[in-house]
Amino acid sequence: FQPPIQVYGVEGRYATALYSAASKQKNLDQVERELGRVSTLLKDPKMASIVLNPHVKRSIKQKTFNDTLTKEKLSPITINFINVLAENGRLTRAADVVVAFGKMMSAHRGEVLCSVTTAQPLDPANLAELQTALNGFLQKGEILKLETKSDPSILGGMIVSIGDKYVDMSTKTKIQKLTKIMKET
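Residues 1050 to 1234 in our numbering are what the sequence shown lists, from first letter to last.
To be clear, the hints were calculated from the coordinates, so they are not data collected in a lab. Incorrect hints may appear among the rest.
30 Å max Cα-Cα, derived DSS-like pairs, lysine-lysine [said to hold, decoys possible]:
(1) K1092 / K1110
(2) K1194 / K1214
(3) K1106 / K1075
(4) K1120 / K1073
(5) K1194 / K1152
(6) K1073 / K1189
(7) K1189 / K1112
(8) K1112 / K1122
(9) K1075 / K1194
(10) K1095 / K1112
(11) K1194 / K1229
(12) K1095 / K1073
(13) K1189 / K1214
(14) K1092 / K1106
(15) K1226 / K1198
(16) K1194 / K1092
(17) K1073 / K1112
Produce the complete structure using the sequences and hints provided.
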């Protein structure tokens, strides 16, 4: 019942434990949906003022959040998980744990996250061409989840990050490399 990918750090450990427990009970999708709800609750200013406030006692945070989750009719596994975070004083890291769990679920579904940064936003034709090229790197059964960003500071070209590979083909980096070579000679 191990997750398909390893996520490091405190949030990774908690997310891995939750993934294992949820997969044993065969309700990964339900837990993922419920964590989305937990994330929304944490963004609520009234809830955040209690849960994320270091001056409020752990027991009060736990009771407040527990009551809210019970009212939301969330599953026992999600409620227990949030209680464990509260008992260990980790409620402030709940949002990070939700993100880590999301990454695991994405990998579980065979999605491969790809981030592409260009100087200007890509037009639909270039975007389609890029997606076709990137799909060539995927294994059978994997789905491309493309996220595009524009950053004028890279001047031109693109920076691609797919899975655990990173390629910087930006004009800015090429200029920096040439400048370094010229200074060394």
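Quick rundown of the hints versus the structure:
1. At most 30 Å may separate the alpha-carbon atoms for a hinted pair to count; K1092 and K1110 meet this at roughly 15 Å.
2. Proposed proximity of K1194 and K1214 is supported: the alpha carbons are some 15 Å apart, at most 30 Å.
3. At roughly 34 Å between alpha-carbon atoms, K1106 and K1075 are farther apart than 30 Å, so this suggested pair is violated.
4. At most 30 Å may separate the alpha-carbon atoms for a hinted pair to count; K1120 and K1073 meet this at roughly 25 Å.
5. Distance restraint check for K1194 and K1152: the Cα-Cα separation of roughly 12 Å lies within the 30 Å cut-off, and the hinted pair is therefore satisfied.
6. Restraint check: the Cα-Cα separation between K1073 and K1189 comes to about 26 Å, which is no more than 30 Å; the hinted pair holds.
7. Distance hint between K1189 and K1112 is unfulfilled; the C-alpha atoms sit about 47 Å from each other, more than 30 Å.
8. Distance check on the hinted pair: K1112 and K1122 sit about 15 Å apart at the alpha-carbon level, within 30 Å; holds.
9. Between K1075 and K1194, the direct Cα distance comes to roughly 25 Å. Compliance with the 30 Å bound is thereby established for this hinted pair.
10. Distance restraint check for K1095 and K1112: the Cα-Cα separation of roughly 15 Å lies within the 30 Å cut-off, and the hinted pair is therefore satisfied.
11. For the given pair, K1194 sits about 35 Å from K1229 by alpha-carbon distance, which is inconsistent with the 30 Å threshold.
12. Distance hint between K1095 and K1073 is unfulfilled; the C-alpha atoms sit about 34 Å from each other, more than 30 Å.
13. In summary, the hint linking K1189 to K1214 is supported, as the alpha carbons are separated by about 18 Å, within the 30 Å threshold.
14. Restraint check: the Cα-Cα separation between K1092 and K1106 comes to about 20 Å, which is no more than 30 Å; the hinted pair holds.
15. Taking the CA atoms of K1226 and K1198, the gap is near 23 Å; set against the 30 Å cutoff, the hint holds.
16. With a C-alpha separation of about 25 Å, the suggested pairing of K1194 with K1092 holds against the 30 Å cut-off.
17. Straight-line distance between C-alpha atoms of K1073 and K1112 comes to about 27 Å, which keeps the hinted pair within the 30 Å bound.
Checked against the numbered hints given earlier, the structure breaks hints 3, 7, 11, 12 and satisfies all the rest.
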